[in-house]
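Chemist: Residue-level listing of the chains:
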Amino acid sequence: MAEIRKVAVIGAGVMGAGIAAHVANAGIPVLLLDIVPAGAENRNVIAEGAVAKMLKADPAPFMSKRAARLVSTGNVEDHLDQLADCDWIVEAVIERLDIKQDLYARIDKVRKAGSVVSSNTSTIPLDVLVQGLPERFAADFCITHFFNPPRYMRLLEVVQGAKTRPEAIESVSRFADVTLGKTIVMCKDRPGFIANRLGVYWLQVAVVEAVDGGLSVEEADAVVGRPMGIPKTGVFGLLDLVGLDLMPHVNASMAKALPAEDPFHAANRDLPLITKMIAEGYTGRKGKGGFYRLNRAGGGKVKEAMDLVSGEYRPQRKAELELPKKLKDLLASDGKAGRYAWRVLARTLSYAASLVPEAADAIPAVDEAMRLGYNWKFGPFELIDQLGAAWLAQRLAAEGMAVPALLTLAGEKSFYRVEAGKKQYLGLDGAYHDLLRPEGVLLLADIKLNAKPLLKNGSAALWDIGDGVTCFEFASKMNALDPDIMALLGKALKLTAKSYKAMVIYNEGGNFSAGANLGLALFAANIAAWTEIEQLVAAGQETYKALKYAPFPVVGAPSGLALGGGCEVLLHCAAVQAHAETYVGLVECGVGLIPGWGGCKEMLARWAANPKMPRGPMPAVAKVFETISTATVAKSAAEAKELLFLRPGDGITMNRDRLLADAKARALSLVDGYAPPAPADYILPGESARVGMVMAAEGFHRRGIATKHDLVVAGELARVLSGDGADISKPVDEAHILEAERAAFMRLVRHPGTLARIESILETGKPLRN
Amino acid sequence: MKTVVIAGYARSPFTPAKKGALTTVRPDDLAAATVRALIERSKVRPEDIEDLILGCAFPEGEQGLNMARLVALNAGLPLTVGGQTINRFCGSSMQSIHAAAGAIQMGAGEVFVCAGVESMSRVPMMGYNPLPNPALYAANPGAYIGMGDTAENVAREWGISRAEQEAFAVESHKKAAAAQAAGRLADEIVAIGAVREDGCVRADTTAESLAGLKPAFSEQGSVTAGTSSPLTDGASATLVCSLDYAEKHGLEPLAKIASIAISGCRPDIMGIGPVGASTKALARAGISVADLGVVELNEAFAAQAIACIRDLKIPSEIINLDGGAIALGHPLGATGARITGKAAALLKREGKRYALASQCIGGGQGIATVLEAL
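Those sequence lines, one after another, are chains G and R. Quick note: numbering that gives the first Met the number 0 has the first sequence finishing at residue 769, numbered continuously throughout. Quick note: numbering that gives the first Met the number 0 has the second sequence finishing at residue 373, numbered continuously throughout.
Derived by calculation from the structure, the hints in this document are not laboratory data. A virtual CB, placed ideally from N, CA and C, is assigned to each residue, including glycine. There is no bait here: all hints are sound.
Dumping the calculated PhoX-like pairs for lysine-lysine here, alpha-carbon to alpha-carbon at most 25 Å:
1. G:Lys52 / R:Lys18
2. R:Lys213 / G:Lys55
3. G:Lys622 / R:Lys17
4. R:Lys18 / G:Lys611
5. R:Lys18 / G:Lys64
6. G:Lys622 / R:Lys18
7. G:Lys611 / R:Lys17
8. G:Lys55 / R:Lys18
9. G:Lys187 / G:Lys99
Over 12 Å on every C-beta distance to chain R, these chain G residues come out as not near it, computed from the model:
10. Arg4
11. Pro124
12. Arg164
13. Gly288
14. Leu307
15. Phe377
16. Ala389
17. Lys729
Excised from the complex, chain G in its bound form (with noise of 0.2 Å):
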């Protein structure tokens, strides 16, 4: 299998370009390279210009900036010979056969023996693309379709054709799962793919549904949202994102291609109101507006939405509706709520039915590709299988609809079911079939079926993953930091230090760890509780020094936002293995506090030994101080290594997946010979040190930038970081620092200013800038 080590893009639009970003993302170089456009001075100035407004774009296509300069630009006229010693193109350039067809000629003349060239097409079938094209081209060709934005998406559809070499299909999926952090879903070279196939017919479904169900865009996209799983967006905020114009080309392009029994023809009709926002330029997000927009008319701000009675844009309004908990009760409830979630999920649940084998060989392909593609909590069957398949296709018979041949090949089963700890699901066969992962991925989710966890309390657990291998693993709700979390930390590292080689902190939630839990600090400040929150800063401060001197390697395996406390916990791991879209950072001087746990220690101590930082006491201890006083949480793993907040040697993988299984060979890596590390020596110059950052705030504050509550935080932070009185002719050891983070979270957690702030953002999930 032939190694991708240069990858070439064609096609400098939004996809093309956000692809290219992301191979350098990688690490990997690329070229990407774009037409020349008529009478342009600069060649290259398509190619130049999308890098250049990816570098700032938000959410940003690049990881790092050192990732941007991993892509090389030029044009398809002078540059196309540099496709020889690329390993992998990928075509992403406007959907026209016979502009692509031409562009496969001229790469075929270039490019060198065995390099893949894949298409990012959405609508052309890879048997037309590769028409007339010699088989030697065929042989290495094949269709990788990305999603927007190929950054954050994590679906990619490849789709293999008749003469597709199995190895060229082999080396680029391998590359995109483990080097760019893809999961791949293997399609038929079918219209749409799966996601985009079952996504254009839900979304147009639901929007139809909604218009003769008489219900309001919020009514809406409350019934597609929660309750089905499906982001907050639903259904006309989805629309509204992605660009209202989109919708008649792709319903179009979809009709075009589906033979007419398909389903999808019922659902396609023109809706005049759409139409006439699309001609008034009322396009979503992108344009003037679309189902809601933010009305700043006089200087106002006013959130509105589209009336879709009356096509004329009307205050927000919350629904009011009664929504079930359990989809199904929603479902059989009857209502105007009840009624439209039923009609959209039948039609939508058997069209996903029907999708298999037409589409996919099997229905994981389906749900991995609604939930990667479409950020469904849940996948199709999987839904179906919350309501019963018997349940489904009873109530799709009564009610005089089709009943999907796959349903009624299941009958009373489920699709999915655990037998002998592992998941499988059902076959075309009708016999269940073990769900396998591919080689290098490790679930925690998959251990837990087939294990019990070794220690465990209501907010974390201890799981032996095997080869002498303890993962802990936060449990709390949104991984908060609590007392318990820290007390059965202090249990793990004993147990681990008794009977096993190394421990992995990880786990399977959205974030790592947002920090600590304010709530608890709230209550306790509330009733004044000052002692028992000392302890648990106490706590906290020990457990952590336990981990960092545990007599065995701790890696820390974060995914997510990883603030505060779990930034902590990660300054005290022996190594991290960072998923690369892990967003780390100290954030307690947003809500009045400043890291007790021992994060100011640990970031003295890494700036103060990077090599990179001028000579003298202070330049360590201001980076320090600039990078806690503003809470900065950097974008990516590669930018935490910018911010020190991993280290120069900790790994960052791509596929999310892959995280623990990469955690684990990191930790058993250190297995040999480990040694816990020295504890560090600081020399801080205290007082002048403290007045300096001191006078910095001030000017910040009379800049507007730095409110009156922050300089009180960036004043005790400044004690702390300066050493608390230290002097650079008398070394101080942590101790000295951990009790100068104690005294002053505790000064802070007093203040009335702090506790504001803590409210504020309990109560409103907005920071309040007093």
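Go by the hints and put chain R onto chain G.
Modeler: Positioned in the frame of chain G, the structure of chain R alone reads:
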């Protein structure tokens, strides 16, 4: 007493810190190239040079150690030439001229290279290790006050509106752009590699474009980035010698030094420093403002420059003829030698009798030099 003259002036292009063309150039290299060019142009015999006096406001990092000696070695000056680094913040390289003048009149040398440099890209303002004295800060917070805050204080106390500051800044850019376009800056500039032109001047600056900027130092303030001198990289150098030496060796002196002065003031309104220093220097030269034909007044901020002009009653048409620091830039340690050398050159070009060069200094000081045509 010996007559001391300025017998040469050269400077590097002044370019914006962090984003300009000289960002990656080490300050000692920048200074060495400028000094080398000055010596070549002035035709002084290098072995006659007593000392290289180099001003620098934040002498640490690449500007650290005794940079002057390192620059002398780097510029290939004879080993007999000494080197001292001198710090009076923004007044550093004007101070280097004053030090040389004093030495010459003491009979402690005939020829000096008086230079200055600052790479504000490579060594930050405040340096890498700002460690203020806590007791002094408590007793006298103004001792460490930020420069922008002093500009706000001057604007408030002197009642200088934002619009006035902006009009001043526009004028500075206009004069600098005109001088640049007419090639009037080319003679003084030493190319550094391929960099031949100043990078801070914006010919298209208008009152409207400046009016849109946010206050840079105080939420409610009137001073913006557009009415402040930009952070700049640059070096400058002058040749200072006795008139006897110049005549004996065929050098072409630009002007003689008539008087010099230093004066302290309140740190929190340091921008007003030139008033006290210039008043002293003029008195020492036995002349009044009315006798001046050329004035080079450093534009640290438009607010302080306007306040000084107002208090000293200087006619605007003789001030900063080729633009000031708001347009050209203000590499702290290099500005003093630039404005003194420039004043001397202008005196000759304009055919006037007296020139004044003066600047404000952080911490609350002013420095001034009066030059007279030969």
